[in-house]
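Trainee: Each chain, written out:
Number of protein chains: 2
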Amino acid sequence: MSGEPQSRGCGLGIPTGGEALAEIRAARAALTRLIEPGDATAALLVGALGPVEGLQVATGKRSVDPAIEGHVRSLLLGSGAKAWEGFSAAVERWKGRVPDLAPHRDLETIARFGGRFVIPEDPEWPDGFEDLGEQAPHGLWVRGEERLPAQRSAVAVVGSRNATNYGLSVCGELAKGLVDRGVTVVSGGAYGIDAQAHRAALVTDGTVLPTVAVMAGGLDRYYPSGNEELLREVARRGLLVSELPPGGAPTRHRFLRRNRLIAALAAVTVVVEAQWRSGARSTAHHAADIGRTVAAVPGSVYSASSAGCHRLLRDGVAVCVTDVQEVYELLAPVGDGLAAEREGRTAIHDGLAVEDLLLLDALPVRKGAGIDSLTAVAGLSTAQVRAGLGRLQLMGLCQQTAGGWRRTDQSPGKR
Amino acid sequence: MSGEPQSRGCGLGIPTGGEALAEIRAARAALTRLIEPGDATAALLVGALGPVEGLQVATGKRSVDPAIEGHVRSLLLGSGAKAWEGFSAAVERWKGRVPDLAPHRDLETIARFGGRFVIPEDPEWPDGFEDLGEQAPHGLWVRGEERLPAQRSAVAVVGSRNATNYGLSVCGELAKGLVDRGVTVVSGGAYGIDAQAHRAALVTDGTVLPTVAVMAGGLDRYYPSGNEELLREVARRGLLVSELPPGGAPTRHRFLRRNRLIAALAAVTVVVEAQWRSGARSTAHHAADIGRTVAAVPGSVYSASSAGCHRLLRDGVAVCVTDVQEVYELLAPVGDGLAAEREGRTAIHDGLAVEDLLLLDALPVRKGAGIDSLTAVAGLSTAQVRAGLGRLQLMGLCQQTAGGWRRTDQSPGKR
Numbered sequence: 004m005s006g007e008p009q010s011r012g013c014g015l016g017i018p019t020g021g022e023a024l025a026e027i028r029a030a031r032a033a034l035t036r037l038i039e040p041g042d043a044t045a046a047l048l049v050g051a052l053g054p055v056e057g058l059q060v061a062t063g064k065r066s067v068d069p070a071i072e073g074h075v076r077s078l079l080l081g082s083g084a085k086a087w088e089g090f091s092a093a094v095e096r097w098k099g100r101v102p103d104l105a106p107h108r109d110l111e112t113i114a115r116f117g118g119r120f121v122i123p124e125d126p127e128w129p130d131g132f133e134d135l136g137e138q139a140p141h142g143l144w145v146r147g148e149e150r151l152p153a154q155r156s157a158v159a160v161v162g163s164r165n166a167t168n169y170g171l172s173v174c175g176e177l178a179k180g181l182v183d184r185g186v187t188v189v190s191g192g193a194y195g196i197d198a199q200a201h202r203a204a205l206v207t208d209g210t211v212l213p214t215v216a217v218m219a220g221g222l223d224r225y226y227p228s229g230n231e232e233l234l235r236e237v238a239r240r241g242l243l244v245s246e247l248p249p250g251g252a253p254t255r256h257r258f259l260r261r262n263r264l265i266a267a268l269a270a271v272t273v274v275v276e277a278q279w280r281s282g283a284r285s286t287a288h289h290a291a292d293i294g295r296t297v298a299a300v301p302g303s304v305y306s307a308s309s310a311g312c313h314r315l316l317r318d319g320v321a322v323c324v325t326d327v328q329e330v331y332e333l334l335a336p337v338g339d340g341l342a343a344e345r346e347g348r349t350a351i352h353d354g355l356a357v358e359d360l361l362l363l364d365a366l367p368v369r370k371g372a373g374i375d376s377l378t379a380v381a382g383l384s385t386a387q388v389r390a391g392l393g394r395l396q397l398m399g400l401c402q403q404t405a406g407g408w409r410r411t412d413q414s415p416g417k418r
Numbered sequence: 004m005s006g007e008p009q010s011r012g013c014g015l016g017i018p019t020g021g022e023a024l025a026e027i028r029a030a031r032a033a034l035t036r037l038i039e040p041g042d043a044t045a046a047l048l049v050g051a052l053g054p055v056e057g058l059q060v061a062t063g064k065r066s067v068d069p070a071i072e073g074h075v076r077s078l079l080l081g082s083g084a085k086a087w088e089g090f091s092a093a094v095e096r097w098k099g100r101v102p103d104l105a106p107h108r109d110l111e112t113i114a115r116f117g118g119r120f121v122i123p124e125d126p127e128w129p130d131g132f133e134d135l136g137e138q139a140p141h142g143l144w145v146r147g148e149e150r151l152p153a154q155r156s157a158v159a160v161v162g163s164r165n166a167t168n169y170g171l172s173v174c175g176e177l178a179k180g181l182v183d184r185g186v187t188v189v190s191g192g193a194y195g196i197d198a199q200a201h202r203a204a205l206v207t208d209g210t211v212l213p214t215v216a217v218m219a220g221g222l223d224r225y226y227p228s229g230n231e232e233l234l235r236e237v238a239r240r241g242l243l244v245s246e247l248p249p250g251g252a253p254t255r256h257r258f259l260r261r262n263r264l265i266a267a268l269a270a271v272t273v274v275v276e277a278q279w280r281s282g283a284r285s286t287a288h289h290a291a292d293i294g295r296t297v298a299a300v301p302g303s304v305y306s307a308s309s310a311g312c313h314r315l316l317r318d319g320v321a322v323c324v325t326d327v328q329e330v331y332e333l334l335a336p337v338g339d340g341l342a343a344e345r346e347g348r349t350a351i352h353d354g355l356a357v358e359d360l361l362l363l364d365a366l367p368v369r370k371g372a373g374i375d376s377l378t379a380v381a382g383l384s385t386a387q388v389r390a391g392l393g394r395l396q397l398m399g400l401c402q403q404t405a406g407g408w409r410r411t412d413q414s415p416g417k418r
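First to last, the sequence lines map onto chains A and B. The first sequence maps to residues 4 to 418 in the working numbering. The second sequence maps to residues 4 to 418 in the working numbering.
Treat the hints as calculated values from the structure; they're not laboratory data. Just so you know, these numbers come straight off a predicted model, no measurement behind them. One thing to keep in mind: the hints can contain errors.
From the derived model, a few chain A residues whose C-beta atoms are all more than 12 Å from chain B [said to hold, decoys possible]: (1) 23; (2) 116; (3) 153; (4) 258; (5) 288; (6) 302; (7) 316; (8) 359; (9) 363; (10) 365; (11) 379; (12) 399.
Going by beta-carbon spacing under 8 Å, a handful of chain A positions derived as facing chain B [stated by the list, open to error]: (13) 95; (14) 165; (15) 167; (16) 168; (17) 194; (18) 304; (19) 328; (20) 329; (21) 382.
Examples of chain B residues lying across from chain A (beta carbon under 8 Å, computed) [as the list claims (entries may be wrong)]: (22) 104; (23) 171; (24) 313; (25) 329; (26) 334; (27) 387; (28) 390; (29) 394; (30) 406; (31) 407; (32) 409.
Note that the Cβ used here is the ideal one computed from N, Cα and C, for glycine as well.
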């Protein structure tokens, strides 16, 4: 079983023989080196033929049955998709990398780093990746001991590299608060908000998987290097994840494609700070595109680092969130904490009927007033005034004195 | 014509004789003293019988035809409205104030203050009040020389009395910027955001009506007294407006009802700062209830003065706005200014096709690379690489050197 990493859970419960699964794993490992992330043509090929035969076609070792290509093409065009480049054109595109393929070496490398290569055939495969359709990864390179989190228990916390102290503070509270509530944080590996999210998640000491960092390059190196210590700790207590094999360079294109994985791993994506144009906004749009909830933290209108958040709010892409409880409620709509508590902070006159508000306004603060006077001032009937005085008295808002009715000290002042 | 104020435009073009209009005006003036703002039963009575006969019934000088009452009742219940109290019960409720009625004196008083009483029969009557239905005022007491603004050219700028420097700053920019764009500001008369909105609107010196202050009490006095100088200036260069006759006290109930007039006068209501519970939020909800656009300014999540704004955003009641141009675009959806300009701030690599981004990423910064190398690194076919190099070269993003192809200095760095 050369190259099969020593990982937990791989292939458990899947009705495929161990050797077949190893072959599939090796084929998918090769696909992650051959194909750029998010290449839809490759996904269609693997979908039609499976990863093993799909790889053979992609590497030019075998040609695709024209009937299958015709079928894929008609399915694709029938769904209103864009023009179909055809498998042979794609193979031409891929062939430059064929000499570099060495899936068994890559699987050995990741195992040496204490990692593994998780594939859709594994029970650990994240449930959220289905929503990516043809943009789903061929497999995930993973470092860390825990299993990948379920979508419903993960929140992506993302934002600018150029974060302000305000953004770092909010980010820290959100990330720590989420892990305290049993939620896993998902983010990238960049400076600023990403790093702060991991840092705050790792401050906690619960039993939950605290954090997942999704990288744009291979997991054999830490990028950016200034985050090496932090990312090492993420690998130790959380998870490092990438769809690129060891050695894969983190290019701009791969950073942009990486954002879809962050979005797909989490049920909710929160943008803490983002400039008018920013990668965090791309993650937010990926999340919205696959039907996930997007949230944004507001900030000063004078802060360029909040402009992207405000843009997401203004465009209706994101929901406004101001604290961890509001984020948590997006994950578990039946909130029980802060929001309910806030509703409980009622003003003393809340819930009074209009007539009783009118009466309360009419009641003098110092010397008392008679029913007739109250009737005229409040514009209510005698019966309404009498009934209302009874209700207000029961609530401790008015009292009868020798000189007539007046407010009590508990009663709110006039505006 | 006792009590008929010397105002511009009253009754012009309305096919009612001057005397009949004067009688209607006096009846409506009396209704504003008899009836609390927003009393739906009175509105139904006036709707069914007109203001003159309606007032006679409301003051008990005449009884309502049971057929009319039955008709109103069936209309009301047929529309699914709440239980119908009946006109005679309402008359009982109103009768305490009948001795105080003196509409001609009130009309003389407002005229003495250089004001007038505008009624729905006047061409000046604001077009936006129809949306209030049974909550529409019987008339508006007005001080100031200008006509009331059209809904489409007015924006309500509202917020907390306890405003922060941040809120005051944003408020000032919005109000001044709106008037500079020919839009009239509408607000209350309170300290904080309301006062700042008027102050900033009055800084301008255009020909447009700068600002309208909607008061909760009679216009014979300035309330709160600390704003007297400001409100005097609003009366001089803008308009003071109230549905209460001279002498009417600004009670809590009237403040809350007053908010619906602010909302109805403007096409858009902007909440600049508001605490979790606040009168500004009530104005926002009135605006939303009658189908107007509501906007809220975001702020720090640590500021209690922004909590109400964030709540409006979170609940989907308000749109997020961060500057005057965004507010103006809500009024006139075809914006031409700032937003377009922002879109123009494109990064140098924006608009590149995916293959060209891949190729750009693959291009070395220093020593050049050959086509074969680029093909392998970018995962593109030879033809794609050749075509892409041509496009990037035309854009000044790459150049051919003795050692092969490399990026130029204009080309963006790798992320």
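Trainee: Take the hints in turn and mark each one as holding or not.
Mentor: Now the hints, each set against the structure:
No Cβ of chain B comes within 12 Å of the Cβ of residue 23(A); the nearest lies about 28 Å off, and the non-interface call holds. Listed as outside the interface, residue 116(A) is consistent with that label: its C-beta sits roughly 23 Å from the nearest C-beta of chain B, beyond the 12 Å cut-off. The beta carbon of residue 153(A) is kept farther than 12 Å from every beta carbon of chain B, the shortest such distance being approximately 26 Å. Its closest Cβ contact with chain B, about 5 Å, brings residue 258(A) to no more than 12 Å, contrary to its assignment away from the interface.
The non-interface label for residue 288(A) is consistent with chain B: the shortest C-beta to C-beta separation is roughly 15 Å, beyond 12 Å. Distance to chain B contradicts residue 302(A) as a non-interface residue, since its nearest Cβ pair spans about 6 Å, not more than 12 Å. Against the 12 Å criterion, residue 316(A) falls within the reach of chain B, whose nearest CB is about 4 Å from its own CB. Taking the minimum C-beta to C-beta distance to chain B, about 10 Å, the non-interface status of residue 359(A) is violated against the 12 Å cut.
For residue 363(A), the requirement that its beta carbon stay farther than 12 Å from each beta carbon of chain B is not met, with the minimum near 7 Å. Distance check on residue 365(A): its Cβ comes as close as 8 Å (rounded) to a Cβ of chain B, failing to clear the 12 Å threshold; non-interface status is violated. With a least beta-carbon separation of about 4 Å from chain B, residue 379(A) fails to lie farther than 12 Å from that chain, contradicting its non-interface assignment. Every CB of chain B is more than 12 Å from the CB of residue 399(A) (nearest about 18 Å), matching its label as outside the interface.
Satisfaction of the interface hint for residue 95(A) is found here, the shortest Cβ-Cβ separation to chain B being roughly 5 Å, below the 8 Å cut-off. The interface hint given for residue 165(A) is broken, as the beta carbon of that residue sits about 13 Å from the closest beta carbon of chain B, more than 8 Å. Proximity of residue 167(A) to chain B is violated relative to the hint, the smallest CB-CB distance being about 11 Å (cut-off 8 Å). For the restraint placing residue 168(A) at the interface with chain B, the shortest Cβ-Cβ distance is roughly 11 Å, beyond the 8 Å limit, so the hint is violated.
At about 11 Å, the closest approach between the beta carbon of residue 194(A) and any beta carbon in chain B exceeds 8 Å, and the interface hint on this residue is violated. For residue 304(A), the shortest C-beta to C-beta distance to chain B is roughly 4 Å, which falls under 8 Å, so the interface hint holds. With its C-beta approaching chain B no nearer than about 12 Å, residue 328(A) sits outside the 8 Å limit, and its interface hint is violated. For residue 329(A), the shortest C-beta to C-beta distance to chain B is roughly 7 Å, which falls under 8 Å, so the interface hint holds.
The beta carbon of residue 382(A) is positioned within 8 Å of a beta carbon in chain B (closest approach about 5 Å), and the interface hint is therefore held. Taking 8 Å as the C-beta contact cut-off toward chain A, the hint placing residue 104(B) at the interface is violated, the least distance being around 11 Å. The beta carbon of residue 171(B) comes no nearer than 13 Å to any beta carbon in chain A, farther than 8 Å, and the hint placing it at the interface is violated. For residue 313(B), the shortest C-beta to C-beta distance to chain A is roughly 5 Å, which falls under 8 Å, so the interface hint holds.
Interface restraint check: residue 329(B) against chain A, minimum CB-CB distance 7 Å, threshold 8 Å, status holds. Among the interface hints, the one on residue 334(B) is violated; its C-beta lies about 15 Å from the nearest C-beta in chain A, farther than the 8 Å criterion. Given hint, residue 387(B) at the interface with chain A, holds; its Cβ is 7 Å from that chain's nearest Cβ, closer than 8 Å. Of the supplied interface hints, the one on residue 390(B) is violated, with its beta-carbon coming no nearer than about 12 Å to a beta-carbon of chain A, more than 8 Å.
Taken as an interface hint, residue 394(B) does not check out: its beta carbon lies about 16 Å from the nearest beta carbon of chain A, beyond 8 Å. Because the beta carbon of residue 406(B) sits about 19 Å from the nearest beta carbon in chain A, more than 8 Å, this interface hint is broken. Annotation: residue 407(B) was flagged as interfacial toward chain A, and the flag is violated, the nearest CB pair being 15 Å apart, outside 8 Å. Below 8 Å, beta-carbon pairs count as interface contacts, and residue 409(B) has none with chain A, the closest being about 16 Å; its hint is therefore violated.
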